[in-house]
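Undergrad: Okay, so the sequence shown: first residue is 308 according to the working numbering, each after it adds one.
Hints are computed from structural coordinates only; laboratory data are not their basis. Among the clues, some could well be false.
[Claimed, not checked] Computed beta-carbon distance windows for the label pairs:
| no. | residue 1 | residue 2 | range |
| --- | --- | --- | --- |
| 1 | Asn339 | Val318 | 30 to 40 Å |
| 2 | Ala381 | Gly315 | 17 to 27 Å |
| 3 | Gly333 | Ser425 | 32 to 42 Å |
Computed from a predicted structure; not experimentally measured. We treat Cβ as the ideally placed atom computed from N, Cα and C, and that holds for glycine.
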Amino acid sequence: QVQLVESGGGVVQAGGSLRLSCAASGNTGSINTMGWYRQAPGKQRELVAIITRDGNTNYADSVKGRLTISRDNAKNAVYLQMNSLNSGDTGVYYCNAVRVFGLRVTYWGQGTQVTVSS
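Using the sequences provided together with the hints, build the complete structure.
TA: Written as structure tokens, this is what we have:
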């Protein structure tokens, strides 16, 4: 099992910045990809950004150039630096980790609220 704990959410004005953190614990040795997803009110959960153990990244088009994902394998942590935030970034942000050990198992954090006020 893997446990994921997010932190860093809050309320920020449009144009501001926030940094989200996610710490993984448990059976972290076989974690491959880590990432961030978000869910706005009334909408489905969507990919924000993912990063592999080797540092390869993939971003949603709507966040490219504004949000940056990074990872510290030694600390089993993933981060999301969010700049130039707008109201479309409001939602609950979930940390995600995928273990691959013959099986592929996905884990989710409890989520952290990000609210961008105009």
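Undergrad: Against each hint, give a clear statement of whether it holds in the structure.
TA: Hints and how they fare:
Here the CB-CB span from Asn339 to Val318 is close to 33 Å, well matched to the stated 30 to 40 Å. Our hint of 17 to 27 Å for Ala381 and Gly315 holds, since their Cβ atoms are close to 20 Å apart. The supplied range of 32 to 42 Å is met by Gly333 and Ser425, whose beta-carbon atoms lie about 39 Å from each other.
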